[in-house]
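> With chain A's structure known, arrange chain B on it following the hints.
Spelled out, the chains give:
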Amino acid sequence: MELTGAEILIRCLQEEKVEYVFGYPGGAVLYLYDALFQQDKIRHVLVRHEQAAVHAADGYARSTQKVGVALVTSGPGSTNALTGIATAYCDSVPLVVISGQTPTPTIGQDAFQEVDTVGITRPCTKHNFLVRDVADLACTLKKAFYLAHSGRPGPVLVDIPKDVSAARCEYSYPAHVTMRSYNPVIRGHMGQIKKALQTLLAARRPMIYTGGGVILSDAAPELTKFTRLLGAPITNTLMGLGGYPASDRQYLGMPGMHGTYEANMAMQHCDVLLAIGARFDDRVIGNIEHFASDPRTIIHIDIDPTSISKRVKVDIPVVGNVKDVLGQLIQQLEAGAKPDPAHTAAWWQQVEGWRARKCLDYKLSPDLIKPQFVIQKLWEVTQGDAIVASDVGQHQMWAAQYYRFEQPRRWLNSGGLGTMGVGLPYAMGAQLAHPEAQVACVTGEGSIQMNIQELSTCRQFRLPLKLCLLNNRYLGMVRQWQQMFHGQRYSGSYMDSLPDFVKLAEAYGHVGIRVDRPADVEPALREAFTQHKNELVLLDFQIDRSENVYPMVQGGKGLTEMILSSEDL
Amino acid sequence: MRHVISLLLENESGALSRVSGLFSARGYNIESLTVAPTEDASMSRMTLVTSGSDEIIEQITKQLNKLIDVVKVVDLSEAANIERELLLAKVRATGAAREEMKRMADIFRARILDVTDASYVIEVTGNQAKLDAFLAAIAPEQILETVRSGVCGIGRGDRILKV
Numbered sequence: 001m002e003l004t005g006a007e008i009l010i011r012c013l014q015e016e017k018v019e020y021v022f023g024y025p026g027g028a029v030l031y032l033y034d035a036l037f038q039q040d041k042i043r044h045v046l047v048r049h050e051q052a053a054v055h056a057a058d059g060y061a062r063s064t065q066k067v068g069v070a071l072v073t074s075g076p077g078s079t080n081a082l083t084g085i086a087t088a089y090c091d092s093v094p095l096v097v098i099s100g101q102t103p104t105p106t107i108g109q110d111a112f113q114e115v116d117t118v119g120i121t122r123p124c125t126k127h128n129f130l131v132r133d134v135a136d137l138a139c140t141l142k143k144a145f146y147l148a149h150s151g152r153p154g155p156v157l158v159d160i161p162k163d164v165s166a167a168r169c170e171y172s173y174p175a176h177v178t179m180r181s182y183n184p185v186i187r188g189h190m191g192q193i194k195k196a197l198q199t200l201l202a203a204r205r206p207m208i209y210t211g212g213g214v215i216l217s218d219a220a221p222e223l224t225k226f227t228r229l230l231g232a233p234i235t236n237t238l239m240g241l242g243g244y245p246a247s248d249r250q251y252l253g254m255p256g257m258h259g260t261y262e263a264n265m266a267m268q269h270c271d272v273l274l275a276i277g278a279r280f281d282d283r284v285i286g287n288i289e290h291f292a293s294d295p296r297t298i299i300h301i302d303i304d305p306t307s308i309s310k311r312v313k314v315d316i317p318v319v320g321n322v323k324d325v326l327g328q329l330i331q332q333l334e335a336g337a338k339p340d341p342a343h344t345a346a347w348w349q350q351v352e353g354w355r356a357r358k359c360l361d362y363k364l365s366p367d368l369i370k371p372q373f374v375i376q377k378l379w380e381v382t383q384g385d386a387i388v389a390s391d392v393g394q395h396q397m398w399a400a401q402y403y404r405f406e407q408p409r410r411w412l413n414s415g416g417l418g419t420m421g422v423g424l425p426y427a428m429g430a431q432l433a434h435p436e437a438q439v440a441c442v443t444g445e446g447s448i449q450m451n452i453q454e455l456s457t458c459r460q461f462r463l464p465l466k467l468c469l470l471n472n473r474y475l476g477m478v479r480q481w482q483q484m485f486h487g488q489r490y491s492g493s494y495m496d497s498l499p500d501f502v503k504l505a506e507a508y509g510h511v512g513i514r515v516d517r518p519a520d521v522e523p524a525l526r527e528a529f530t531q532h533k534n535e536l537v538l539l540d541f542q543i544d545r546s547e548n549v550y551p552m553v554q555g556g557k558g559l560t561e562m563i564l565s566s567e568d569l
Numbered sequence: 570m571r572h573v574i575s576l577l578l579e580n581e582s583g584a585l586s587r588v589s590g591l592f593s594a595r596g597y598n599i600e601s602l603t604v605a606p607t608e609d610a611s612m613s614r615m616t617l618v619t620s621g622s623d624e625i626i627e628q629i630t631k632q633l634n635k636l637i638d639v640v641k642v643v644d645l646s647e648a649a650n651i652e653r654e655l656l657l658a659k660v661r662a663t664g665a666a667r668e669e670m671k672r673m674a675d676i677f678r679a680r681i682l683d684v685t686d687a688s689y690v691i692e693v694t695g696n697q698a699k700l701d702a703f704l705a706a707i708a709p710e711q712i713l714e715t716v717r718s719g720v721c722g723i724g725r726g727d728r729i730l731k732v
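Just so you know, the protein sequences line up as chains A and B, in that order.
Residue 1 is where the first sequence starts when you use the numbering used here, and the numbers rise one by one after that.
Residue 570 is where the second sequence starts when you use the numbering used here, and the numbers rise one by one after that.
Derived from the structure by calculation, the hints contain no laboratory data.
Glycine included, C-beta positions come from ideal geometry on N, C-alpha and C.
Any given hint might turn out to be false.
Claimed, not checked - Here are a few chain A residues that face chain B, going by a calculated C-beta distance under 8 Å:
1) V118
2) R122
3) P123
4) H127
5) L147
6) H176
7) R180
8) S181
9) Y182
10) P305
11) T306
12) K310
Stated by the list, open to error - Within a straight-line C-alpha distance of at most 25 Å, the following computed DSS-like cross-link-like pairs (lysine-lysine) qualify:
13) A/K310 <-> B/K641
14) B/K631 <-> B/K641
15) A/K338 <-> A/K323
16) A/K323 <-> A/K358
17) B/K641 <-> A/K195
18) A/K323 <-> A/K17
19) B/K631 <-> A/K310
20) A/K17 <-> A/K66
21) A/K323 <-> A/K194
22) B/K635 <-> A/K66
23) A/K557 <-> A/K358
24) A/K225 <-> A/K323
25) B/K635 <-> A/K142
26) B/K659 <-> B/K671
27) B/K635 <-> A/K313
28) A/K338 <-> A/K195
29) A/K323 <-> B/K635
30) A/K225 <-> A/K338
31) A/K194 <-> A/K313
32) A/K310 <-> A/K557
33) A/K323 <-> B/K631
34) B/K641 <-> A/K142
35) A/K310 <-> B/K635
36) A/K142 <-> A/K66
37) A/K557 <-> A/K313
38) A/K142 <-> A/K41
39) B/K631 <-> A/K313
40) A/K194 <-> A/K225
This is chain B alone, in the form it adopts within the complex:
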């Protein structure tokens, strides 16, 4: 099953490679990984998307907790949570496709960030499924380039991941 795991880690050099090294050494799957500093400059927050049986997910959270630089670990998938990912897509925007691309952006509540004679850069945010749907809705030959941020996650309501 797919799980979204959030962690707070010390903002030390090498902390990221301890996490990624753990996943490669133990053969765990990483679907996406995002990391950035938090409002507390001594810590970073990471969101990891992984998948595996209950036993593997239990091991993953325990192994993450065991890393000395990891301060806290929460499996967001255990309760209600919000996931968001950002997609930037550079698409062909010529002829009939130019109007079509604009319409598609509106349907997905996306924003056009850059316009040239021949292309748009479109920003889409949403959960993974929405971004996948957006890309599926565009003909592949129209897509020039894409970049996705990976998933950021946060628990709903009272669930707070903080030290």
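Chain A extracted, bound-state conformation:
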């Protein structure tokens, strides 16, 4: 059957069972939008800025295990999408981004709205394609989806010139695709797995450290089972929250710059460290020489060989998909020798000693709203069962520390790139994917204004998000660093002339509630989640302006050189 390029694209998306396309039209994608209009299987979500289209597709993908799809036009459409693509790339989120391009005869001639999209997206996509011939379109899209979700996932961009979307050719969608140059390793090498297990069983001070790879490979059940069988303490990174239930005794909280005392101490002082789908990021291990100064055996499971021994020398590498390798480890552990709790009793005693420091305790105030308190109340009111999208800054760290995640894919944030403005579009994508779920967006007055226009999209699609705006009238994380390390010179971190967020929410047709007193925090949240269940509510919490995120490891310092509270300053 002969179809146009635009029709082929739609058919391919249908074949891939795409439910939503997040996009914004323009000249180079007119044929694509025309084909989208003439079908009803795929819903198009019209955002208000292309950056948000990619973030929303990203939020959709993070909260499901599906590939998110965004559609943007050429030139500024693509450059606006770039931040979204880079954000997804840094956190290995599977996306297919379709961009329109000026017609092939005009490419290279500085045509209207022309930009070298494959050139500028090359370093921040897993792979990208420029489709010059409509005959290659279906196969290219098949490859794009395959690359996006297999191996270490990531965004793939397909640039489609306008004449290609108008040209016709015979359509058939390939059932399979194989690429001789791309063969990700899925199962781990048995010899390495046995060696890893022997090392873990012999350990006196074992520690498990897991990252986003556990979430991406849907390995939370296997991780939980294995960790309980082994009996070792475990920490989940910012990207790995929900990989292991936060309420469990073996869980030590998050590690790193704003990690818990017990997690960082255990990371530093263990004798065997099992890293799973994590990458020894600078925000996680602090100063690299300091980290290496305590000898330990490191086992590292990761699907991406380049992540292994990139920053920290690994003793026992296991290349493979985290879910499969954990399955292999469980099988070996169940078949062979069992761990002896007596082996690790002294270690656990030490860990409990660190935990007894209660590093996340903070002082409540009768008249100032503490941001930590808001997050704890959010957890209570949602019974720990919400999908929480976060922006970037202090509020992000408080949400990560105080909203205790029991399950994977409930915590959506930009960990790698640290992109302010992701929160609202992430929440949009998650709410569309889970219409019945409670979706909260924890944000700040700085971040929310970076994609505030999406309140309009939320109105159009009736998305009942609950925005918890922790408003301290500062770019708080910047202010915190300036207070601690730049002589309290608050350069550029104070924002004057903030909008009235309640009126702003109302202007977009939503509900706005301002909360000034600690006693009103819980009632306001309850009102939002019950009375206004089906509406978007923006809760403007006027929080303690001077509150900082603790614990903290200053950039460049060792993991255990922690500032636990303002008294340590």
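This is chain B only, laid out in the frame that chain A set:
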């Protein structure tokens, strides 16, 4: 340490910039890079000369393998290999230097490809050290222009880089 890395890559537009972009983005050193199609028209073969610690070279080969367009990567320096580079040098060939240049070409087993009243174009092949030695042996003021191909490498004996 200096390493010669050979790779086969899909003959797609942009494949070369993926490799060069990787090196610039990650701050790896490229001493030379050559690329040309192979007997299989769907693939190109590239020879890269780089240097770095063992850890960096390990990362480079892993990062190259990770590129979707890269089919195979071999670090030729891990075993016996042959390196060759081509140099074309346009040199002054007047007066006494004319005979001297001819002699120099013979010593280095080079060939003279072009002759005018005033100059020769000399072709020299060999490893990098030989080409460096040839250039060092000529007085700088005699050299009008040079161009080098960059290193091509191949493993000795049974080591074969093929799909």
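> Now, for every hint given, state plainly whether the structure supports it.
How the hints compare with the structure:
1. Because the beta carbon of A/V118 sits about 6 Å from the nearest beta carbon in chain B, less than 8 Å, this interface hint is met.
2. Checking A/R122 against chain B: minimum C-beta separation of about 6 Å stays under 8 Å; hint holds.
3. A cut of 8 Å between beta carbons decides the hint on A/P123: the least distance to chain B is about 5 Å, and the hint holds.
4. Taking 8 Å as the C-beta contact cut-off toward chain B, the hint placing A/H127 at the interface holds, the least distance being around 4 Å.
5. Of the supplied interface hints, the one on A/L147 holds, with its beta-carbon coming within about 7 Å of a beta-carbon of chain B, less than 8 Å.
6. Against a cut-off of 8 Å between C-beta atoms, the interface hint on A/H176 is violated, since the closest Cβ of chain B lies about 17 Å away.
7. Checking A/R180 against chain B by beta carbon gives a least distance of about 6 Å; that is within 8 Å, so the hint holds.
8. With 8 Å as the threshold, the beta carbon of A/S181 comes within range of chain B, its nearest partner Cβ sitting at about 4 Å, so the hint holds.
9. For A/Y182, the interface hint holds, since its Cβ comes within 8 Å of a Cβ in chain B; the closest pair sits about 5 Å apart.
10. Against a cut-off of 8 Å between C-beta atoms, the interface hint on A/P305 holds, since the closest Cβ of chain B lies about 5 Å away.
11. For A/T306, the shortest C-beta to C-beta distance to chain B is roughly 4 Å, which falls under 8 Å, so the interface hint holds.
12. A distance limit of 8 Å between C-beta atoms decides the matter here; for A/K310 the minimum to chain B is near 6 Å, and the interface restraint holds.
13. For the hint pairing A/K310 with B/K641, the CA-to-CA distance comes to about 21 Å; that is within 25 Å, so the pair holds.
14. Proximity of B/K631 to B/K641 is assessed by CA-CA distance (about 11 Å); at most 25 Å being required, the pair is judged to hold.
15. Note on A/K338 and A/K323: the hinted pairing holds, with a Cα-Cα distance of about 21 Å set against a maximum of 25 Å.
16. Simply put, A/K323 and A/K358 have alpha-carbon atoms about 33 Å apart, too far for the 25 Å limit, and the pair is violated.
17. Between B/K641 and A/K195, the direct Cα distance comes to roughly 29 Å. Violation of the 25 Å bound is thereby established for this hinted pair.
18. The straight-line distance between the Cα atoms of A/K323 and A/K17 is roughly 24 Å, inside the 25 Å bound, and the hint therefore holds.
19. With a C-alpha separation of about 10 Å, the suggested pair B/K631 and A/K310 falls inside the 25 Å cut-off, and the hint holds.
20. A hinted pair counts as satisfied when its Cα atoms are at most 25 Å apart, and A/K17 with A/K66 qualifies at roughly 9 Å.
21. Using a Cα cut-off of 25 Å, the hinted pair A/K323 and A/K194 holds, with the two alpha carbons roughly 16 Å apart.
22. A C-alpha spacing of about 23 Å is found between B/K635 and A/K66, which places the hinted pair at or below 25 Å, so the restraint holds.
23. With a C-alpha separation of about 22 Å, the suggested pair A/K557 and A/K358 falls inside the 25 Å cut-off, and the hint holds.
24. For a cut-off of 25 Å, the pair hint linking A/K225 to A/K323 stands: about 12 Å separates their Cα positions.
25. Of the supplied pair hints, the one linking B/K635 and A/K142 holds, its CA atoms being roughly 19 Å apart against a limit of 25 Å.
26. At roughly 12 Å between alpha-carbon atoms, B/K659 and B/K671 fall within 25 Å of each other, so this suggested pair holds.
27. A distance of roughly 19 Å separates the Cα atoms of B/K635 and A/K313; the hinted pair therefore holds under the 25 Å criterion.
28. At roughly 15 Å between alpha-carbon atoms, A/K338 and A/K195 fall within 25 Å of each other, so this suggested pair holds.
29. In summary, the hint linking A/K323 to B/K635 is supported, as the alpha carbons are separated by about 21 Å, within the 25 Å threshold.
30. Using a Cα cut-off of 25 Å, the hinted pair A/K225 and A/K338 holds, with the two alpha carbons roughly 14 Å apart.
31. Restraint check for A/K194 and A/K313: satisfied, since their Cα atoms lie roughly 20 Å apart, inside the 25 Å limit.
32. Annotation: proposed proximity of A/K310 to A/K557 holds, straight-line Cα distance about 20 Å (limit 25 Å).
33. Only pairs whose Cα atoms come within 25 Å are accepted, and A/K323 paired with B/K631 is accepted, the gap being roughly 22 Å.
34. For the proposed pair B/K641 and A/K142, the alpha carbon gap of about 23 Å is at most 25 Å, so the pair holds.
35. Proposed proximity of A/K310 and B/K635 is supported: the alpha carbons are some 14 Å apart, at most 25 Å.
36. Distance restraint check for A/K142 and A/K66: the Cα-Cα separation of roughly 15 Å lies within the 25 Å cut-off, and the hinted pair is therefore satisfied.
37. Taking the CA atoms of A/K557 and A/K313, the gap is near 19 Å; set against the 25 Å cutoff, the hint holds.
38. For the suggested pair A/K142 and A/K41, the alpha carbons sit about 19 Å apart, so the restraint of at most 25 Å is met.
39. At most 25 Å may separate the alpha-carbon atoms for a hinted pair to count; B/K631 and A/K313 meet this at roughly 15 Å.
40. About 18 Å separates the Cα atoms of A/K194 and A/K225, which keeps this hinted pair within 25 Å; it holds.
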